[in-house]
Amino acid sequence: MDMLELRGIDKVYRSRGKEPVHAVRALDMAVEKGEIVALLGSSGCGKTSTLRMIAGFEDVSAGSIALGGRRIHELPPARRKVAMAFEGYSLYPPLTVRENIAFALKSAQLPRAEVTRRVDEIARLVEIEDILDSYPRAISGGQQQRVSLARALVRDADLYLLDEPMGQLEPQLRAVLRGRIKSLLAERGMTAIFVTHDQTEASALADRIAVMEGGVLQQFASEKELKGRPANLFVASFIGEPPMNLLDAEVMRSDSGFRLSVGTDMRFDIAGAGLDVEAAKTLAATPQVRIGIRPQKIVVGTGDVRVKVVSNQWLGDQSHVAGDCGGRMLIAVTPGRVAARPGEIVSFALEPRHLHIFGGDGTCIRHAEGA
Amino acid sequence: MEHSSLAGRIFRGVALTLILIFFMFPIVWIFLMSFQTNEQILRIPPRILFEPTLANYEALISGQLRTAAGNLQISFMRNLFNSVVLSSAAVLLALLLGVPAAYAFARFKFRLGESIAFTLLSFRFAPPLLVLLPLSLYYQELGLNDTYFGIVWVYQLIALPLILWIVRGYFEDISPDIEHAYRLAGHSWREAFTRIAVPLAGPGIAAAGLLSFIFCWNNFVFALILASADKQPVTVGALAFVTASGIQYGQIAAAIVLSVTPTLLLALYAQRYLVEGLSLGAVKG
Amino acid sequence: MARLEINSVSKAFGAARPADGLSLAVEPGEIVAVFGPSGSGKTVLLRMIAGMFEPDDGDILVGGRSVVGAPPERRGIGMAFQNFALFPHMTARDNIASGLRARAGGGDVAGRVAAISRLLKIEHVLGHAPRELSNGQKQRTALARALIGNPDVLLLDDPLRNVDAKLRYEMRLELPNLLRRGTAAVLYVTQDYREAMAIADRIAVLIDGRLAQVATPADIYAQPASVAIARLFGDPTINLAEVSPVAEHGMLLATVAGARMRLGAADGAAPAGACWLGVRPEDLAVSSASTDDAIPARILAITPMHEKAVLLLRLADGTEWLAALPPDAPQGAADDAVFVRFAPDAAMLFDRATGLRIGASHRLKAA
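Protein chains in written order, with the working numbering: chain A, 1421 to 1791; chain B, 5 to 289; chain C, -17 to 349.
A portion of the hints provided could be inaccurate.
Result set (DSS-like, lysine-lysine): computed pairs, CA atoms no more than 25 Å apart in a straight line [to be verified]: (1) C/Lys148 to A/Lys1644; (2) A/Lys1526 to A/Lys1501; (3) C/Lys148 to A/Lys1728.
The set of hints was computed from the structure by calculation and includes no laboratory data.
Predicted model, so just to flag it, every value in this text is computed and none were measured.
In isolation and in its complexed conformation, chain A is listed as follows (with noise of 0.2 Å):
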């Protein structure tokens, strides 16, 4: 059963003597009981505009949103039955990290002993049990927001709202907190939204990752489906790090299919026999269309596109090669360390199968196979 559902939810933001904003369009989402869903954009695409609008800090302009088969998006936010972490954290100053993460459970009317075993065990999570007798003006920014965390967390709701839960954490702490934020919502069936502009925390953390950008749902699906199957060029250079290579090809009639030029530098077969009927009618009714190759799908040292080494970066455990080919830069990254000096010339290796193709608006003609 779908835990939460937004049914065609609108927000616009009017002030006077301004345009509308309008910040939300049409947006329709069911969450399953369980899931932990990512909202990823860059900042001012409707993210965090349609977090609050769950939680009941803003209202919908249009649209229904139900959590739990109840209507709620006419409750006041106390009686949604949602916890939130927020961005700035908005820890109660004049309470200790142990009132804070507390509070709730408190008002909730919980035994004294329930509680303490429940901060005491979110606590020991987050890595915050030394400080849980410090006040918020006492910890630094990355404690804070594990507190911050551990006060959302630790509340019975029926879904957890989190706004960028985990930009500020220390580093050295990130891949592990993400690693037990995941078990403990998996372990408890916890439901979960939240938000973020960082595309290594939605992967890390989510089941499926939405996509916003410019107030609409570009596409909501797994991030192996994000990444093997972008819905459309957007999705397809917005997701991945680095950034898909994307290039301008001509499209030409062969033999076998279809031969697609970039330049007079590289080309590429793609056989009409691996396509499906409407991507190769789609094909030969578009002359120009944009290609797109992983960096992590290039190959150094073989293959046929020489290119000239701009940069060569080894970062420990994967080596970044951006090389020029004909005005053109290309990056490939591969695991292990590669012996190119820029100013070099050395190969690279971009094979047809791995190519994604899109037409003049965007849409996705064909995916890379294998995804």
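Add chains B and C to chain A, keeping to what the hints say.
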């Protein structure tokens, strides 16, 4: 607020109108009074419609106040001139002293810095009458009594703390890195102060200057005690309208209109400048 | 051509000592990244070189001449700030040109502004005020302003901090070439170890006001001088376990969560006493097959990251370790019982008491 009902909108309109009338009425009434004779003003019930007369303004400008008890010499234009001179000079001096001081308080930590800044502010807390008696004795001693300089100096009690504290806040809002960047580009600290800090704090300096101008303009007590007739500003000069044969309401109204106009115009002009300045949102990076 | 030398510089603010006997030399044309956790004194060091405060002790030399006590404008320094610090009341062009105009004989100001802005791809926004620029354009303008005077020393204070991820990545590729154009000695402050590794010739690791290690990026990653440095490089962070290794048949062995693990050849005596064992997440292999040289563990969660699968594992003794597996490796699922291995040469040993790496001290390249 976007879903407000028709009734709500009407209620809001009515409420706003009432508030507007409440605040605007005295000003409009004074303005109307300034075009009436004393008899017209004192009529009961008062009337909105009347035959306007410029007699009040004539009297003020010519300095001849006609009352039932005969003609009276008043120096209203002289008072107005004094107000302009005293307030402008006081604000100018306060800016020259206060802006560099505000910069120092904002940028440098020095011994007793906070105490000095607070002491300066505390001048605003003390009732003027408290300092007036010793001050007037000193002034007599120093020969500053009844001089423009003496009054301008005592006006620093009003203007300097205001400018110091407002402008300090504006300087603190400017990232010091902007000045650092300017110095690393090869400029001395004087240039960094005059070409970066002062222009960026411009709106604040204007606001502080304007506010202190208005406070100086409205001051009554200092000038009453320390200035004689030919150095008095309008606030003190207005006392002359309380004559032996009654209070000259028409002339008072005209005098108020004339004395409020300069500050009002200044405020309107500076308001535009202020809004423009405050939208300079790039200051904080 | 001028070398930047920092000789045992110290600075204290009350009880805090953001610089405690720092010594570092940067050659002309070299990029040295100053990297460390927040509050370790990176920015204070840069600001002492720029002349915003003076060191309590020690000397700073540019081209052999001491600059301590000289006003900032006479130190021959270009600087880019984290918050851009553009002059808000000037256009981008005037921002960039401000340094040239100040110096006598600025020469062809217009020509040089045009050249540097072409290089930084901001020619089209030169007429705009800073508030009309995107963050990326602001930072490019600030860089142009720092670069245009061909300073002897270039200081970059976390310049990509406030730029979005995509632009940051682009700049990471472009910056080394841009910075090496001149002959400036470059100090680049950052809090992102990947940025430091990508951009710098050498990295100076600053911890609590002291230089913990100065070495090339690859050396620091492979041979961190201490456990604290090892924890700063790598995402996910290096896994640690407390062990007491023993030498047997020329091999160093240690018990990790009940399993006997080989830690490489024992050259000489086994390290005495308790150690930290460090293994990087990408050096762990995870499988469902049990052998006696594998640590039994349970998968708590799988968090995909940077095209890898990151597994949070709970070892038999309760320790949590992270494994970063290539995308095509079999991963299992949360709650699976698995076995964890690592190659003996992937193991790093650190002294439990001092945190220093064992058997690596002779390889350290001090500055």
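Comparing the hints with the structure gives:
Of the pairs offered as hints, the one joining C/Lys148 and A/Lys1644 holds, with about 20 Å between alpha carbons and a cut-off of 25 Å not exceeded. Pair hint A/Lys1526 plus A/Lys1501 holds up; C-alpha atoms about 16 Å apart against a cutoff of 25 Å. With a CA separation close to 22 Å, the supplied pair C/Lys148 and A/Lys1728 stays within the 25 Å bound.
The earlier numbered hints are all upheld by this structure, with none contradicted.
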